[in-house]
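Number of protein chains: 2
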Amino acid sequence: MSNRYDVLGIGNAIVDVIAQCDDDFLDQESIEKGGMTLIDEGRAKQLYAAMGPAIEASGGSVANTMAGIASFGGQAAFIGKVHADQLGDVFVHDMRAVGVACDVVGADQGPATARSLILVTPDAQRSMNTFLGISSLLEPGDVDEELVAQSTLLFCEGYLWDVQSAKKAIRFAMETSIAAGNRVALSLSDTFCVDRHHDEFRSLVAGPVDTLFANRDELLRLYETDDIDEAFVQLGTEVSLGCVTMGTLGSMLIDNGEQIKIPAYEVGSVVDTTGAGDQYAAGVLHGIAKGLPLGECGRLGSLAAAEVISHVGPRPLTPLARLNISDATVDARSWVSE
Amino acid sequence: MSNRYDVLGIGNAIVDVIAQCDDDFLDQESIEKGGMTLIDEGRAKQLYAAMGPAIEASGGSVANTMAGIASFGGQAAFIGKVHADQLGDVFVHDMRAVGVACDVVGADQGPATARSLILVTPDAQRSMNTFLGISSLLEPGDVDEELVAQSTLLFCEGYLWDVQSAKKAIRFAMETSIAAGNRVALSLSDTFCVDRHHDEFRSLVAGPVDTLFANRDELLRLYETDDIDEAFVQLGTEVSLGCVTMGTLGSMLIDNGEQIKIPAYEVGSVVDTTGAGDQYAAGVLHGIAKGLPLGECGRLGSLAAAEVISHVGPRPLTPLARLNISDATVDARSWVSE
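Protein sequence lines, in the order shown, are assigned to chains A and B.
In terms of numbering that gives the first Met the number 0, the first sequence opens at residue 0 and continues consecutively.
In terms of numbering that gives the first Met the number 0, the second sequence opens at residue 0 and continues consecutively.
Please note that a few of the clues may not be correct.
[Stated by the list, open to error] Facing chain A, from chain B, some residues (calculated, C-beta under 7 Å):
| hint | residue |
| --- | --- |
| 1 | D93 |
| 2 | V97 |
| 3 | V238 |
Worth flagging that the hints you see were computed from the coordinates, not collected in a lab.
Quick reminder that beta carbons are idealized off the backbone N, C-alpha and C, glycines included.
Can you make the complete structure from the sequences, with help from the hints?
What follows is the structure, encoded as structure tokens:
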């Protein structure tokens, strides 16, 4: 391909603050397990003081995906917003260090860099509590038109619909991408996010979005059904590629209505599921940009997801380009229940 | 025991910035593998820009040990110095969150909070590059006399001898501890550190230090010998308890000259050895403070070390109090070569 970048991501620029906790702590703090809740600065301080010792790691859904694509050896770029503080430095460093083009300059005014307080329970599920900080000021002026035109795929996160000023920016970026003959991909991000922005997401999927990433529950909410097969069929009529993750069952790719089952890969010990969907998207998008057959794209997604859930943190610790699909063991449970 | 705290630690307050790298990168950057090098702010910026994506986790040798003791359920307190910046907040949060008494107030002037750029090679060894920042301003005024008197054990790190103003503080704390009838423990920290401060370390070990922590190489450097048995004997004449770690061979406790071999515990996959010695010290000191037999103290040390080397980061991710010595598998290599 003659484009400068394989994938350009636009998303929240977040540093994750990850701590272990038990289920009682989630109850005490009234945190819904497995979801993402937006919190204000006061709640962020209170929750941080209450939670256990943590590690910090750069995060943000689409940002994680871009890091994964670069880790596969792909050409990725990122647009987001940070403050000129220590966490902002950490975020930008981690993008550039893995090879993502990231020209984000930290603002010296306004709110602090976004952080997500992530609580990991013994079942390896993560519950995210996100203070968006300066990321909530993302606006059309942050979108570099030329960068969009030079990128084979544009990838946006549903979470940005929580940021009022970002919606215009994303719609503008999507139009620019399509006008340049490029592809537009969207992640539905989170079931609660689908509930909050249901009608807009429906119109995006029926409209500019060409490739959709969702997990099973998000897709069911999008189409307001309990029947996953019905949702698969409907998705097939609206996007050219649907990518639906099913946890340990693997994933389903829907290629112009045709279903391709992708197995999950076996993981010795699932430690922290943070970033699983993001890294799955990295594998699939990287494969698409490299022109690989879709089945192989899906398996790259499974491979990247398996790596990231085997340790704490939302991004690969092992360069993904070094992993080999043929070495991966298919999880025995994959599609068994189908 | 009637003291308020089991162990009071005085040490550098550092946030670790941990990245994977290959051996070529260490060569390119002229970094000696396995050691700790002090760097200035300029070098810290240059090295950070050159290194890969990282995660941040609170560190500092003695601080890690205090976190380990609290994780075992012991009463630990810490004295150190941070700036009122984001990394300073992270450091203090992580101490308090695990239950360490830490009254450190971030300074609003002076250098930034200390950080250590830690490069982990595929052999799981860590090479540390530490910018001490405000931690280099630790001074006698930071030592709370009452806190020292109320703590059964005082634990200091050899690294503090790199901080000119801290030496007086540590000598004062040691005298205060002994005058109150408490015990004084020291870690030799690092072979290069032993070389830098050889004569002072010899006089500390022959003098106020009652319990010494060292690894094999540090002990050999201290006594300027190649014969570990000779070093064990000499150590036995100078301290009432010597604790010498031997990597996969386990460790040797020297109880008033009597040798007690302690096995290492088996680890599925050694990921990052950062904090191994610190957590070994946590297990031993916790056991001593609780009045356990020395063999059991040593095994608690092995248990804590095995936990911390199985993941990235210098502090336990699993509460140590939940681990069970009897569940641990002894590493087959332990003491085999003896």
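Consistency of the hints with the structure:
1. D93: Hint holds; D93(B) Cβ to chain A Cβ min 4 Å, cut 7 Å.
2. V97: This interface hint holds because 5 Å falls under the 7 Å limit.
3. V238: 31 Å, violated
Comparing the model with each earlier hint shows a violation of hint 3 alone; every other hint is respected.
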